[in-house]
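Chains U, H, L and R, in that order, give the protein sequences.
Each residue of the first sequence is one higher than the one before, counting from 8 in this note's numbering.
Each residue of the second sequence is one higher than the one before, counting from 8 in this note's numbering.
Each residue of the third sequence is one higher than the one before, counting from 8 in this note's numbering.
Each residue of the fourth sequence is one higher than the one before, counting from 8 in this note's numbering.
Wrong hints could be hidden among the right ones.
Note: identical chains are not told apart, hence a pair may lie in one copy or across any two.
List time: in silico DSSO-like cross-link candidates among lysine-lysine, alpha-carbon distance up to 30 Å [claimed, not checked]: (1) Lys94 - Lys205; (2) Lys324 - Lys205; (3) Lys284 - Lys322; (4) Lys284 - Lys81; (5) Lys330 - Lys284; (6) Lys94 - Lys81; (7) Lys266 - Lys284; (8) Lys205 - Lys149; (9) Lys324 - Lys81; (10) Lys81 - Lys149.
The hints are simulated quantities; they were obtained by calculation from the structure and are not laboratory data.
Number of protein chains: 4
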Amino acid sequence: MSSQLGQLFRISTFGESHGGGVGVIIDGCPPLIPLTEADLQVELDRRRPGQSAVTTPRNEADACEILSGTYEGKTLGSPIAILVRNKDHRPEAYSEMVDTYRPSHADYTYDAKFGTRNPAGGGRSSARETIGRVAAAAIAKKVLAHFCPQIETLAWVKSIQNIPANVDPLTVTSADIESNIVRTGDPAAADEMIARIKEVRSEGNSIGGVIECVVRGCPPGLGEPVFDRLEADLAKGMLSIPATKGFEVGSGFAGTTLKGSEHNDPFYMDGDTVRTKTNNSGGVQGGISNGEPIIFRVAFKPTATIMSSQATVTKGKEDTELKGRGRHDACVLPRAVPIVEAMTNLILCDHLLRHRAFCGE
Amino acid sequence: MSSQLGQLFRISTFGESHGGGVGVIIDGCPPLIPLTEADLQVELDRRRPGQSAVTTPRNEADACEILSGTYEGKTLGSPIAILVRNKDHRPEAYSEMVDTYRPSHADYTYDAKFGTRNPAGGGRSSARETIGRVAAAAIAKKVLAHFCPQIETLAWVKSIQNIPANVDPLTVTSADIESNIVRTGDPAAADEMIARIKEVRSEGNSIGGVIECVVRGCPPGLGEPVFDRLEADLAKGMLSIPATKGFEVGSGFAGTTLKGSEHNDPFYMDGDTVRTKTNNSGGVQGGISNGEPIIFRVAFKPTATIMSSQATVTKGKEDTELKGRGRHDACVLPRAVPIVEAMTNLILCDHLLRHRAFCGE
Amino acid sequence: MSSQLGQLFRISTFGESHGGGVGVIIDGCPPLIPLTEADLQVELDRRRPGQSAVTTPRNEADACEILSGTYEGKTLGSPIAILVRNKDHRPEAYSEMVDTYRPSHADYTYDAKFGTRNPAGGGRSSARETIGRVAAAAIAKKVLAHFCPQIETLAWVKSIQNIPANVDPLTVTSADIESNIVRTGDPAAADEMIARIKEVRSEGNSIGGVIECVVRGCPPGLGEPVFDRLEADLAKGMLSIPATKGFEVGSGFAGTTLKGSEHNDPFYMDGDTVRTKTNNSGGVQGGISNGEPIIFRVAFKPTATIMSSQATVTKGKEDTELKGRGRHDACVLPRAVPIVEAMTNLILCDHLLRHRAFCGE
Amino acid sequence: MSSQLGQLFRISTFGESHGGGVGVIIDGCPPLIPLTEADLQVELDRRRPGQSAVTTPRNEADACEILSGTYEGKTLGSPIAILVRNKDHRPEAYSEMVDTYRPSHADYTYDAKFGTRNPAGGGRSSARETIGRVAAAAIAKKVLAHFCPQIETLAWVKSIQNIPANVDPLTVTSADIESNIVRTGDPAAADEMIARIKEVRSEGNSIGGVIECVVRGCPPGLGEPVFDRLEADLAKGMLSIPATKGFEVGSGFAGTTLKGSEHNDPFYMDGDTVRTKTNNSGGVQGGISNGEPIIFRVAFKPTATIMSSQATVTKGKEDTELKGRGRHDACVLPRAVPIVEAMTNLILCDHLLRHRAFCGE
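The whole structure should be built from the sequences, with the hints applied where relevant.
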């Protein structure tokens, strides 16, 4: 069950980075939602490698095929299976990883857990696994658009290493974010970020950063009390993305230094709508959306693969050294932006269906 | 399903803060685990109000009753139901909350979602709901002790507002933490923290802070790739605790400013054991424990209930003001320490059983 | 997870026949459904022992308490916990069962599985466990009545041993069934059935029979293709009732001797409604209700507890003999009628909520 | 969630009979189980059309591809995705079904539920959907063989229409069953059954029958009390197979006419093993296997597609007539035998993993 997410809009991803392919089944998509492969491809293209000067030069088309669940351009209500074939098997590029554990990768822990692993390309811990998530989320986005047309999810790079971006979550647009290859919401910071990534890559090193995300237009009432709070499910979704180390919503860690009188969000009436004057809550109160923008941030560590020699051990339990090679992202954040959006839409869609079941008209 | 957690060690909590009582069913506890009510009570007593000078003066015994699932002091393998009766119903203390939404509480969002709510004491969003979690986690702790006797989970207050604690997660002891009523792992910081809480309380205000948690002695192999990563499930568990705003594991948000060469944790052999020289990973790689201490931090906002007048709105959609009254914690962190430990043990226990099913002997 | 049922209207039962009590949590009940303890008690009273001359003379009130989830006579949308206390602990009545396995009971298999069991009263395999199901189903019935007021579920005794009842599922009424203590839908057969039960009881023996059930007024569209077909979930629900050995829907086993031309149900228009001229399908086609009455039958074996000496073995693996004693039902069917209805309503309610989530307005 | 089965060995099937293909993901297969495509193909070949003179003449190879989850001939512990491409799209063969509902098929109920359906070939209600089940079950069989090498599941045709087979479940062999194209365990009855099928087919009509199944060598302890009883999960699994109308275990419906003294299965010691002298329980007591052979029967109705004109209605709600055409099985039982075995193995495997999690060494 490790590869399933969602109570009602349930996705099951599959596939190693090397093998027949990667993909996903969505079981729980409502019928009659307009859907074509083009809807998926546009999101997959934002995720794919080789798309810009700051991503890995590896070039894969990641062309998807919808195997089931649609008819005449609309969903049937049956499981939607999506397949993206793997290309360019180059298992020889991973030959030394068969016996040597890459530091801060999942090589050792997979062996410790399963007693086996596919050493080529990281197996299930490969970034390729996120293809299934992005494809499924493209469908979630269509479902959300169908039932809540005003919902908009946008993520952007908030910082690269120590370079901050100045972004207003209430007004930033998709065009702002896509205007620069680093996908920051602050185009003015893009050049410095791009230069930093290139510099670090030329050193054979890597860097991380923070992605911020907003959901605007979310109706009040999504999310559940207790365990399946909206922010709890978002936290899980975000921490399930490879390379993430933290999540915070609304005021986050900085909010821990405020007093209650500073942190509370006073309610007021905006015509017929209940609003809050501030948004330290980040759009969620008691686990349930309150109609304000949902705002959160996700911490990404620097990419584990670097081009310098590092101490490590072998499968046979000998100390050794290993130097990365091959083509990798020196900074995953530009490609992680659509993945953060994807996880957000998957979780919102699941909660929307849950809400309809229990509290719908 | 909003009140269920866990795939195999599955808990279902129930109960409003006012009503017949609160409690939990654990479905999925292995048989023949030694268990008595005293095992639960010791953990419940760490959570209960009125236990010290820095918690709410409200005094509840929170005495628990095991209704089912044990026989002659051991578990049967059948569902274990636990009930804690509510005492001192004082619904009149909440009379103004029937129609007026407390800022940064769940009053408005519950009404928006369900069209109804129990206004007395916050209903399911009351801290009383965590009684079921703590009771269930006391059982999880026994199961962990049965199968992995070396596992130890400890949480402590890492900061109160801007007062930090200096704690070594590798060596801090339960005795250190319980030696002071604020439950910081740094007894030297306790007096300042206690003074700050009392000061803020005397102002009718509130403060938050950060709790840190370590799991020592966790075997490698717990956790799953992809969605049910150990850190993802921990993130969900922590963000499901009332008043939390953030979660970070290992290097966390600070790690986003490091380079890969600084952040990677080199492996080395320690006798026959694979270890890492540093622990920026926080004990988890690729979603699976690597045998190093699991370390994470959780952000708690200041308590929403404060004793000054705040702008808000009524259920009837009129602007108004509301001033808190009654007995509340000015700082929830001392009582939240056992809850952080509880959520951790619940998640570890679930993953332990999952590991046994698939990868056990 | 063995004690949970339902994807959305999820119930978790608990309790041994001897211990603090038995009960259930319902997680997934929509808000604002009118509900009081009287709604539950009326169904529990149909299930309880001691209610008539053909049930065990043991007399238990089975008074229920709603611990949570309601407010001012309506559901809150939060978990509803229900507790029925055990009375009259007489564990000494079960002293010989500690070491000796009753034939065709669960004593041996529980020991084989768990390595332990509560020997008093059968533990979780006691008929008392069904109290939680009946209480939860009383709520399911209220939810169904709220959203589909035309739905009516009725079960009745179709045969006792070899005594058949002649019942028309389209016209039989609750009054017909409750008019006789054996709960057959054919009052003309009741006297013979009652006489047979009394006769068998006087011999210290036991008998079984068949219960038939109809759901009238079920809208088309409930149920899911593939695994969660309405009849598949009904089959599971029925076979989860103690002492059941078979399930058949519509034409059932007898239908296997018909030809397709005889078995197919021709469609026709009845005004604006699609109907079928015959109902060999039993109201379900492709796993989904078609608007015709849903009709199925459930086989119950004779009660395992009899008052004559039987060969068996001890826990210590010695051959021995055992003679039942105490107060038992010689025929469980009269009390099983409300349990069959209960399982039906639980499954219908779950599918109704599922349908709302995916295909609702 | 309609296309998922299993708590731990969880399968998700997908695919319409016309479209890119059909298949399954297995999430929850233990690592290091030997597995190749040949293991799957041998079971798929028993299910495929065109295999003999009593099945539809349609000829499909149903060649499967394992897309993920294996490495060097063994499972990885990650999701195993299996794809079988559809061949010979002939949607024109279904042109009249776009608007006209076939009697006793799922056409009307799918439209009633989803508001849409893929009219070609029955969509998800096609027998082709069972390909994913059979492929997944071939893996379940390997897992069972790995952990419980003595387990053997065998199903056979017990009756065709009113022609019975005389089979001893304790001694029947796979060779007996596969020795005849109708797959009865009684080769002496095969000729008559084959002749009957051919006769009915020549009339353009169809027939049903009963399949019996035994699990020999199942260890005591599999199954759960209460809802997830082994027989309850088997009942659900069987009733989820298209065209099934009933399920009975052990003594079944016939057992309802026995007295308790006749029906109870006396225990005795067979060396160190607890055995029963009779097996009216069908190998399951209190929902848990007792070590005796598990025996059950499944009723299959006659195939709905027949070659004579039948009354029906159109999507536009007009009365009309429809005559089947194309190539269909006049009797599904020979091809349903491997599907009954498949569902059995899927359910046993799931319960084996559950047992390991809670009660394993």
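Against the structure, the hints:
1. Lys94 - Lys205: within (27 Å within a copy, 49 Å between copies)
2. Lys324 - Lys205: Result: close neither inside a copy nor across copies, 36 Å intra and 54 Å inter.
3. Lys284 - Lys322: between (57 Å within a copy, 17 Å between copies)
4. Lys284 - Lys81: Close neither inside one copy (41 Å) nor across copies (33 Å); limit 30 Å.
5. Lys330 - Lys284: between (53 Å within a copy, 17 Å between copies)
6. Lys94 - Lys81: This pair counts as both: shortest intra-copy Cα distance 29 Å, inter-copy 22 Å.
7. Lys266 - Lys284: Intra 17 Å, inter 39 Å, cutoff 30 Å: intra-copy only.
8. Lys205 - Lys149: neither (36 Å within a copy, 50 Å between copies)
9. Lys324 - Lys81: between (54 Å within a copy, 23 Å between copies)
10. Lys81 - Lys149: within (11 Å within a copy, 36 Å between copies)
Of the numbered hints stated above, those contradicted by the structure are hints 2, 4, 8, listed in ascending order.
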